[in-house]
Amino acid sequence: MSTWLAALPWMVLAIAIPLLGALAAFVQPRRAQVIGLSFSFLTAGAAVGVVLDFITLGPQQHAVGGWGAPLGIDLVADGLSILMLGMSAVVGVAVSIYARAYFVPYPDKAPRFWPLWLFLWAALNALFQSADVFNLYVTLELMGLSAVALVALTGSGPALWGAMRYLLVSLLGSLAYLVGVALLYHAYGTVDLTLLAERADGGLQLAVPLGAMIAGLLLKTGLFPFHVWLPPAHGSARAPVSALLSGLVVKASFYLVLRLWFTFVPEGEGLPLLLGCLGAAAIFWGSIQALRQKRLKLLVAYSTVAQLGYLFIAFPLAGLEPQMAWSGSIYLALSHAFAKGAMFLAAGAIMTQGGHDEIDELDLVVDRMPLTLAAFALAGISLAGLPPSGGFVGKWLLLESAMAQGKGIWAAIIIVGGLLTATYVFRVLGFAFTRSEHHHERHEVPAAMEWTALLLALGAVLLGFVAPWALPLLDGVLP
Amino acid sequence: MSSALLYAGAGMGLLLVGVWALVLRAHLLRKVLAINVMGSGAFLLLVGAGAMGGGPVDPVPQAMVITGIVVSISATALALALVLRIAYATGKAALPEDRERDLMDREGR
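Chains A and B are the protein sequences, given in the same order. FYI, the numbering used here numbers position 361 of the first sequence as 361, with every residue one higher than the one before it. FYI, the numbering used here numbers position 7 of the second sequence as 7, with every residue one higher than the one before it.
Just so you know, the hints here were simulated from the structure itself, not pulled from any lab data. For every residue, glycine included, the Cβ atom is placed at its ideal position computed from N, Cα and C. Misleading hints may appear alongside valid ones.
What the hints assert, rightly or not - Covered by chain B, according to a simulated footprint, are these stretches of chain A (three or more residues, beta-carbon under 8 Å):
| no. | segment |
| --- | --- |
| 1 | 150-161 |
| 2 | 170-184 |
What the hints assert, rightly or not - With the C-beta cut set under 7 Å, the calculated list includes, among others, these residues of chain A facing chain B:
| no. | residue |
| --- | --- |
| 3 | 19 |
| 4 | 134 |
| 5 | 141 |
| 6 | 145 |
| 7 | 204 |
To be verified - Label-pair ranges, simulated between beta-carbon atoms:
| no. | chain 1 | residue 1 | chain 2 | residue 2 | range |
| --- | --- | --- | --- | --- | --- |
| 8 | A | 442 | B | 91 | 43 to 53 Å |
| 9 | A | 441 | B | 91 | 43 to 53 Å |
| 10 | A | 412 | B | 57 | 49 to 59 Å |
| 11 | B | 91 | A | 412 | 20 to 30 Å |
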């Protein structure tokens, strides 16, 4: 039995199962909820299969259909890929369970949500395992299209505007990436990442395509100053969708930036410094905007802008201690996916309960939804980087690498950013403990919604404890 | 000047025209068209750059372009559906920040 299970091509299944589930949920709209939830569990199971294969056998490679690179499509699972796959599996299952309860009052939305979400999951899993730049382009587009459609699911004017803006930005970013692919192919005659790493020789013929690709990806990641599309899209989407967009989708384009960076290892100080400065600007701008927001979901969305900035602080720090800086950045990305996912789920539960998400009208929500508020607080602890959370490990690694190189300015930015994060988290918690003068309607919130948010937030905190086992997985991936 | 270079150059030109229209045009249909023009530019660049080496023409970029066209058609379909929904829901096929500008782009450049 176990040998039979071990022989299954988990890497392909992790892509094929959600695709199949999406089609099934689409043709059977009445049973979309059941089909969607069961295929979510199966997809997560396949991702666990890939992770176990990696742990027992090392990095995996699969030539799809027996056609190997350079002409065929190769799937590769290395340490970075499986961390991302695992992240998508955990956040994906939590969001799926939450969405099952969330969509019960909206019977017209559920048959649309499940196919799109499973398409999105298939695209994510394919993206994390692709090993050539063109296949990465296709997966990037698949992901973008399903993400945009998920935002438009809300159906109201502002959400449609958000979706349209997101679509235009996403397509512009993909086209910039595609131009980079065309120029890379022209220069080196291959799109395979391993072959490209061997053949790339630096100079202008590498710098131009790499610049175009990274610029396109930054646009899709929403790094300051390309973030303007992000808060309206993430803030106006349905709660499970916001959790997926902020938790997973922006990480996918960041993962791709890292993948390209690790493949080509660009020389020079200018670009890393620029990315670091944009990251720092994102931290400050995002946090200040988050503090100024009146609506809870927009606050959480601006917090995503700020936290994405942290991921790019690793670029200027990677000169002397690449291992430590990159591990910190990747670990921050993982814990942000958990924490931000939990935060959006909690915000969605609060919105379901009160029918609104005005921050200063939270009206003693702690009395009615202690679990949800605990989820929000735990997620906030991880975002602010307080020990023992996963966010603490990531920020600590970045801090240590900054101090070891005597780059105190970056350390200061990391610390001040953490303080700002704590400020806007406590602003929400403060209003949750005060009584409002206005009367608000109250609705029942399904326990599944509160518990999934809480467990996901606990996961973000527990990530801090599994760091000694998770970080060594990255050996051999980092430059 | 070789014909491949001509194709690649025309591709770059289309890309620039597309970006220009995407930024400056307010009507969403025009923005969608601009994205399509940009896509065609990128595909031309891909084919042209692939044929620049001389000798027999490389089929790989052409296969990539076919995949790219499929992606671009799906993106256009989604974009058009969104434009329609926006026009139904809000009465104007434009984003709020562009609404003051003349939708026919006569004055609003």
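Outcome of the hint check:
1. Counting residues of the segment 150-161 of chain A whose beta carbon lies closer than 8 Å to any beta carbon of chain B gives 6, which meets the minimum of three for the stated coverage.
2. Counting residues of the segment 170-184 of chain A whose CB lies closer than 8 Å to any CB of chain B gives 8, which reaches the minimum of 3, so the coverage claim holds.
3. Because the beta carbon of residue 19 (chain A) sits about 15 Å from the nearest beta carbon in chain B, more than 7 Å, this interface hint is broken.
4. With a least beta-carbon distance of about 5 Å to chain B, the hint placing residue 134 (chain A) at the interface is held under the 7 Å criterion.
5. Because the beta carbon of residue 141 (chain A) sits about 5 Å from the nearest beta carbon in chain B, less than 7 Å, this interface hint is met.
6. The restraint placing residue 145 (chain A) at the interface with chain B holds, with a minimum CB-CB distance near 6 Å, inside the 7 Å limit.
7. Hint status for residue 204 (chain A): violated, given a least beta-carbon distance of 15 Å to chain B, over 7 Å.
8. The given range of 43 to 53 Å is broken by residue 442 (chain A) and residue 91 (chain B), whose C-beta atoms sit roughly 35 Å from each other.
9. Hint check: residue 441 (chain A) to residue 91 (chain B), Cβ distance near 30 Å, so the stated range 43 to 53 Å is violated.
10. Between residue 412 (chain A) and residue 57 (chain B) the beta carbons are some 56 Å apart, a value that agrees with the proposed interval 49 to 59 Å.
11. The beta-carbon spacing between residue 91 (chain B) and residue 412 (chain A), approximately 50 Å, falls outside the hinted interval of 20 to 30 Å.
Checked against the numbered hints above, the structure violates hints 3, 7, 8, 9, 11; every other hint is satisfied.
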